[in-house]
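Protein chains in written order, with this note's numbering: chain A, 65 to 227; chain B, 602 to 1013.
Please note that a few of the clues may not be correct.
If you want a taste of the chain A side facing chain B, the calculated C-beta under 8 angstroms gives, among others [what the hints assert, rightly or not]:
1. GLY67
2. LEU68
3. GLY105
4. GLU107
5. CYS131
6. SER132
7. PRO202
8. ILE205
9. CYS207
Okay, the calculated beta carbon distance ranges per label pair [stated by the list, open to error]:
10. B:GLU870 <-> A:PRO66: 49 to 59 angstroms
11. A:LEU103 <-> B:LEU643: 28 to 38 angstroms
12. B:GLU994 <-> A:ILE75: 19 to 29 angstroms
13. A:GLY87 <-> B:ASN684: 52 to 62 angstroms
14. A:GLN129 <-> B:THR603: 18 to 28 angstroms
15. A:SER165 <-> B:ASN623: 39 to 49 angstroms
16. B:LYS625 <-> A:GLN129: 47 to 57 angstroms
17. B:GLU647 <-> A:LEU103: 27 to 37 angstroms
18. A:GLN129 <-> B:ALA655: 48 to 58 angstroms
19. B:ALA842 <-> A:GLY67: 31 to 41 angstroms
Bear in mind the hints are in silico, worked out from the structure with no lab data behind them.
By construction, the Cβ of each residue, glycine as well, lies at the ideal position given by its N, Cα and C atoms.
The residues making up each chain are set out below.
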Amino acid sequence: MPGLEDLYREIILDHYRSPRNRGELPVPPATKAEGFNPLCGDEVVLYLDIDPDSETVRDVKIDGQGCSISQASTSMMSSAVKGKPVDEARKLIRAFKALMSIHESKLEGESDGSDLTAELEGVRLGDLEALQGVVKFPVRIKCATLAWNTLQQGLDERESVDA
Amino acid sequence: MTDVLDVSRVKADFPIFERKVNGKPLVYLDSASSSQKPRSVLDAMEHHHRHHYANVHRGIYTIAEESTAAYEGARAKVAKLLNARATGEIVFTKNITEAMNLVAYSWARKNLGPGDPVVITEMEHHANVVPWHILVEERGVELRWIPITDDFQLDLTDLDRLLDGAKLLSVTAMSNVLGTLNDVRLLSDAAHAAGALVNVDAAQAVPHLPVDVQAWDADFVGFTGHKMLGPTGLGGLWARAELLDAMPPFLGGGEMITDVRFDGFEPNEVPWKFEAGTMPFVEASGLAAAIDYLSALGMDAVRAHEKQLTEYTLRALEERFEDRLHIHGPRDVDQRGGAISFLFDRIHAHDVAQVLDEDGVCVRASHHCAKPLMRVLGVPATTRASLYVYNDESDADALVESLAKAEKFFAV
Chain A
65 MPGLEDLYRE IILDHYRSPR NRGELPVPPA TKAEGFNPLC GDEVVLYLDI DPDSETVRDV
125 KIDGQGCSIS QASTSMMSSA VKGKPVDEAR KLIRAFKALM SIHESKLEGE SDGSDLTAEL
185 EGVRLGDLEA LQGVVKFPVR IKCATLAWNT LQQGLDERES VDA
Chain B
602 MTDVLDVSRV KADFPIFERK VNGKPLVYLD SASSSQKPRS VLDAMEHHHR HHYANVHRGI
662 YTIAEESTAA YEGARAKVAK LLNARATGEI VFTKNITEAM NLVAYSWARK NLGPGDPVVI
722 TEMEHHANVV PWHILVEERG VELRWIPITD DFQLDLTDLD RLLDGAKLLS VTAMSNVLGT
782 LNDVRLLSDA AHAAGALVNV DAAQAVPHLP VDVQAWDADF VGFTGHKMLG PTGLGGLWAR
842 AELLDAMPPF LGGGEMITDV RFDGFEPNEV PWKFEAGTMP FVEASGLAAA IDYLSALGMD
902 AVRAHEKQLT EYTLRALEER FEDRLHIHGP RDVDQRGGAI SFLFDRIHAH DVAQVLDEDG
962 VCVRASHHCA KPLMRVLGVP ATTRASLYVY NDESDADALV ESLAKAEKFF AV
């Protein structure tokens, strides 16, 4: 039986108590995305300021409320993608979901995910790996992935507007 | 203090308490969500399966007649428990959600049209909200809400205005979040005076208090079996016979007809008109055993025990956590049942429940299917401990100790 210390690692509690990048950004130029976890009422509001020339995440601000896992994951996500090129942020999303044992593109008859492994080679999750313990608590996986799904939604919406 | 129930004996009747969780005794405080089952309920269902399993109302052989007798016997026990005027006033459904939908789909679709007001309250479970939202979209009925006061009671200041012209008042007898007990008789009288019928969500009331549908003077009362020591998959609706007679069928299929032709059908008599297809009759034997179990304890004793234990638990929470823990519900145990919702200032409901689980303490952390109420309370979720016949002071003590651990763990 996994213990609480597997779930609530010190770095997670640190992000929960002192969340990074709290606030709002003017929309536009920033993109706003909202994510909800209907199970527990957790809410993530994400503001993304992306430099169109370099396709880089210039600034990130987050708002909302939720449990320690969802709020820490959101804070860690914001630190991880700030200053990163958009395609790298997308790679981080896939790497984080893989960490949570979620392999979305794997359909019947497809490969065993070795393509994903190759693609994600060299992606460094750093502090985010502290969230790996969440996998042992299946009901909390949604708390950890909420921020990342919201990020994906924000990036997709921006691209569909640009297109 | 001496308990009106001998809880150690009650607990011994529930096999699940023989197990441990994380090496600790199971402290089950989530009965408002679903209750545990005594051995007699499990045995009754096994006996039905082993000795007279056959479909009801169809076979003319011995075991089919025995099976049918058991099913109709369960209906009679429900009727007696609720003090219905007749056994035929009890319609079995899948759960109370289906019972509420039966009222909405059958009675309301026949009787309500654009602009007809339906009055509900801010403390309703989604099962008594969403069926009416669907009718708002589909039929253009008007949904009105009775607000709640700062002390977690219905605010009846504007009741007359809210009921003016109303066709239906649909209200919970006991809030699954706040524990608040509503004065159903007072509300019934006011609704009837305004010409409205009264539908009662008694999911939390029937398992925990003596319920008398005639004393309530209600028109419809829904309940569910799995919260009152019975199995999942079986609940029901009590309604006045003349209402059931006039209501069109809800689900069509086998058993709910007397004749089917190429050009139509004749519905069966009440209550079978509303029981299409093979019903969970084995579960009905389980529910009958659950009612026998509760009746042997006595519903007055069940209520007295829970009142006493709720007082003990509230006091223990107050003494240990003072104003750091907010209890969302009335303080006076005469005005409430044993569903206790609470929240620490800076700790999310989920995180609290996670720490409690490590100690084998089972509580619910969510919006409790009452999101409109969560909006009124201004919180995304609460943690809820709910008490029943197998809980005693040791469970309340375990809750408090585990909460102290959670508070320490998440201390800023």
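| said: Holds or violated: the hint that A:CYS131 contacts chain B, with Cβ atoms closer than 8 angstroms. | reply: Interface hint status for A:CYS131: holds (4 angstroms vs cutoff 8 angstroms).
| Interface hint compliance - A:CYS207 to chain B, C-beta minimum distance less than 8 angstroms | holds, 7 angstroms
| query | Per the CB criterion, is A:PRO202 less than 8 angstroms away from chain B? | reply | violated, 12 angstroms
| said: Does the closest beta carbon of chain B sit nearer than 8 angstroms to the beta carbon of A:ILE205? | reply: violated, 13 angstroms
| said: Just to be careful: measuring from the Cβ of A:GLU107 to every Cβ in chain B, is the smallest value less than 8 angstroms? | reply: holds, 7 angstroms
| query | Quick one: are A:GLY87 and B:ASN684 within 52 to 62 angstroms, going by C-beta? | reply | Since the Cβ atoms of A:GLY87 and B:ASN684 sit about 59 angstroms apart, the hinted range of 52 to 62 angstroms holds.
| query | Does the Cβ distance between B:GLU870 and A:PRO66 fall inside 49 to 59 angstroms? | reply | holds, 56 angstroms
| task | Just tell me: holds or violated, for the beta carbon distance of A:LEU103 and B:LEU643 against 28 to 38 angstroms? | result | The hint (28 to 38 angstroms, Cβ to Cβ) holds, given that A:LEU103 and B:LEU643 are roughly 30 angstroms apart.
| Closest C-beta approach of A:SER132 to chain B relative to 8 angstroms, hint status | Holds. Min distance 5 angstroms.
| field | Cβ separation of A:GLN129 and B:THR603, checked against the hinted range 18 to 28 angstroms | value | At roughly 44 angstroms between Cβ atoms, B:THR603 and A:GLN129 fall outside 18 to 28 angstroms, so the hint is violated.
| field | When the least beta-carbon distance from A:LEU68 to chain B is tested against 8 angstroms, hint result | value | holds, 6 angstroms
| Taking the beta carbons of B:ALA842 and A:GLY67, is their distance inside 31 to 41 angstroms? | Cβ of B:ALA842 to Cβ of A:GLY67: about 58 angstroms, so the range 31 to 41 angstroms is violated.
The structure fails hints 7, 8, 12, 14, 15, 16 and 19 (numbered hints given earlier, in ascending order).
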